[in-house]
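S.K.: One-letter residues, chain by chain:
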Amino acid sequence: MKMKIAFVTGLVVFWILIGIIMLHGYVTHAYIDGIFKNC
Amino acid sequence: MVGYTQRKILYTMYSRSKKGKVGVVLIVLLTSIPIVLWLLLVPLSFRFGDSSTAFTSIGQLLGIIGMTLFAITLTLSARLAFLEEYFGGLDRMYNVHHYSGVIAFLFLLTHPLILAIPYFQYSSLKAAQFLLPSANWPKNFGIFALLLMMVLLTITLYARWRYQLLRFLHQILGAVFFLGALHSFLIPSDISQSIGLKWYLLSLSGFALAAYLYRTIFGSLLVKRYTYTVQNVRQLDATVTEIVMVPVGDTMRYSPGQFLFVSFKDAGIDRETHPFSISSAPSEKELRITTKALGDYTKSLKDVKIGSTARIEGPFGRFSYLHGLNKSQIWIAGGIGITPFLNMARNLRVNTQADYGIDFYYSTRTAAEMIFLPELKEIALQYPRLRIIPFSSDEKGFLTMGAVRTLSGDLRDKDIYVCGPPPMMHGIVAGCKQMGVPTKYIHCEEFKLL
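Protein chains in written order, with this note's numbering: chain P, 198 to 236; chain Z, 2 to 451.
There's no promise every hint is true.
[What the hints assert, rightly or not] Computed spacing ranges between beta-carbons, pair by pair:
| hint | chain 1 | residue 1 | chain 2 | residue 2 | range |
| --- | --- | --- | --- | --- | --- |
| 1 | Z | Glu-273 | P | Tyr-223 | 21 to 31 angstroms |
| 2 | P | Trp-212 | Z | Ser-284 | 56 to 66 angstroms |
| 3 | P | Leu-220 | Z | Phe-83 | 46 to 56 angstroms |
| 4 | Z | Leu-187 | P | Thr-225 | 31 to 41 angstroms |
| 5 | Z | Gly-197 | P | Lys-201 | 29 to 39 angstroms |
[Stated by the list, open to error] Heads up, simulated DSSO-like pairs for lysine-lysine below, C-alpha to C-alpha not over 30 angstroms straight-line:
| hint | chain 1 | residue 1 | chain 2 | residue 2 |
| --- | --- | --- | --- | --- |
| 6 | P | Lys-201 | Z | Lys-300 |
| 7 | Z | Lys-140 | Z | Lys-199 |
| 8 | Z | Lys-303 | P | Lys-199 |
| 9 | Z | Lys-225 | Z | Lys-303 |
No wet-lab data here; the hints were simulated from the structure.
Cβ atoms here follow ideal geometry from the backbone N, Cα and C, with glycine treated the same way.
Take these sequences, add in the hints, and give me the full structure.
M.R.: Structural data, given as structure tokens:
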């Protein structure tokens with residue numbers, strides 16, 4: 198049971214962090230691109 | 002593990018001998034060697050000189066440890082008989098396999114995340130791009146291996162699909178390991194730079210893949226199996242079936258308490274392979290297994306055709322009253338958990354000179370379920386040092402160690418063997434510990450496949 202909890206926790210934390218990195222990377226980048234294009 | 006059914010769970014008992022712990026020590030040692038080689042490769046001041054190289058170093062180390070444990074996990078899954086004694090039985094070996102697999106998985110999950118951190122000093126986009134597939138195929142192998150690992154492990158741990166399908170999906174993890182190994186050896190890293198690290202991990206990976214091929218791909222050709230014919234199928238009560246088999250050619254030799262893997266051919270049921278305790282005594286000509294209808298497969302066993310072929314692999318298990326540290330013993334069977342005890346009790350019948358003093362608690366829900374009680378009483382007449390104590394939970398409540406102590410006296414100098422449903426075993430073990438019974442005298446284990 199402990200191993201199953203560790204497995205799920207690891208998986209959830211992994212995808213949350215991946216989601217944050219992807220969102221931050223691509224959304225921020227698109228936003229900055231947009232600002233420069235408007236200049 | 003996918004639920005509590007007899008086909009996936011056998012409750013057996015093993016002596017917690019020192020030799021039974023060698024396997025775990027060996028795993029720690031095998032995992033430490035690449036860490037030491039990695040530490041010796043480059044001065045630590047260089048590895049941890051600044052935050053960027055520190056994160057890269059930690060990320061790489063996590064990958065190395067993860068792959069080492071993955072290789073060990075794969076090797077343990079190959080059911081190699083010679084390894085069994087170093088883990089105290091196949092069931093313990095499978096438990097270690099589960100633990101090392103999950104630990105390997107967690108290390109491998111962390112590996113790319115830590116490696117991505119240094120890219121943040123450039124931009125979060127760079128970090129995001131690092132984590133995505135690209136033209137860099139060695140890196141892609143690693144990404145695909147990790148994604149496949151996530152999907153396959155999640156399915157096999159949580160899906161309620163057919164056991165055989167889940168087993169097949171779990172076995173694909175061998176291919177995932179191959180992808181991961183390609184990533185490890187092809188990508189520029191400490192492994193590619195260090196001859197020692199490279200050859201160590203190559204040897205370990207090669208052994209793991211060889212074990213995987215031996216069991217999973219070429220198992221039907223390489224794994225030794227005995228051929229038996231089903232001589233009789235007896236329905237002992239509404240749910241319990243006994244299958245009697247006789248050898249065709251070589252006879253499998255076994256010890257009291259061991260178990261086997263069996264698959265039936267042309268028997269009118271699935272040809273799946275399942276583990277079962279051997280219920281016949283080693284001296285008997287016939288080989289018997291006794292099963293309870295708890296899942297789809299075990300329900301179908303009553304329909305096995307007489308004359309059909311049984312392919313048997315084994316024996317497995319280090320379980321035996323013969324391995325106990327004390328001659329004074331307590332045996333506790335719950336429900337169908339009696340099967341390994343049947344084997345041992347039947348063995349006493351032909352070894353009446355043995356000096357074991359045994360109190361055998363046969364616990365079931367109702368008295369009517371004690372279908373082996375007459376035979377056990379008969380054995381006790383031939384071997385008077387075996388005392389049979391029937392215990393019906395409907396009449397007396399659940400069997401506790403308090404009740405056992407009342408009937409059997411001080412328990413601290415007795416070996417205690419337990420085989421039954423998990424809640425019962427956990428209760429008994431907790432009770433034993435409360436009463437100060439040394440752990441080395443407590444023998445109980447769960448058997449899990451997958």
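S.K.: Would you say the C-beta atoms of Leu-220(P) and Phe-83(Z) sit inside 46 to 56 angstroms of each other?
M.R.: 51 angstroms, holds
S.K.: Verify the proposed pairing of Lys-201(P) with Lys-300(Z), using a straight-line Cα cut of 30 angstroms.
M.R.: Roughly 29 angstroms separates the two Cα atoms, so the pair holds.
S.K.: Given the range 29 to 39 angstroms, decide if the beta-carbon distance of Gly-197(Z) to Lys-201(P) lies inside it.
M.R.: Hint holds: Cβ distance 36 angstroms, inside 29 to 39 angstroms.
S.K.: Decide if the proposed pair is consistent with the structure: Lys-303(Z) and Lys-199(P), CA atoms, cutoff 30 angstroms inclusive.
M.R.: Since the Cα atoms of Lys-303(Z) and Lys-199(P) sit roughly 36 angstroms apart, the hinted pair is violated (cutoff 30 angstroms).
S.K.: Are the Cα atoms of Lys-225(Z) and Lys-303(Z) separated by 30 angstroms or less?
M.R.: Satisfied, since the Cα-Cα distance of roughly 27 angstroms is no more than 30 angstroms.
S.K.: Need the status of pair Lys-140(Z), Lys-199(Z): alpha-carbon distance at most 30 angstroms?
M.R.: 17 angstroms, holds
S.K.: Can you let me know if the beta-carbon spacing of Leu-187(Z) and Thr-225(P) is within 31 to 41 angstroms?
M.R.: 32 angstroms, holds
S.K.: Do Glu-273(Z) and Tyr-223(P) keep their Cβ atoms within the hinted range of 21 to 31 angstroms?
M.R.: 47 angstroms, violated
S.K.: Has the hinted range 56 to 66 angstroms been met by the Cβ atoms of Trp-212(P) and Ser-284(Z)?
M.R.: With a Cβ separation near 57 angstroms, Trp-212(P) and Ser-284(Z) satisfy 56 to 66 angstroms, so the hint holds.
Violation of the numbered hints given earlier is confined to hints 1 and 8; the remaining hints are satisfied by the structure.
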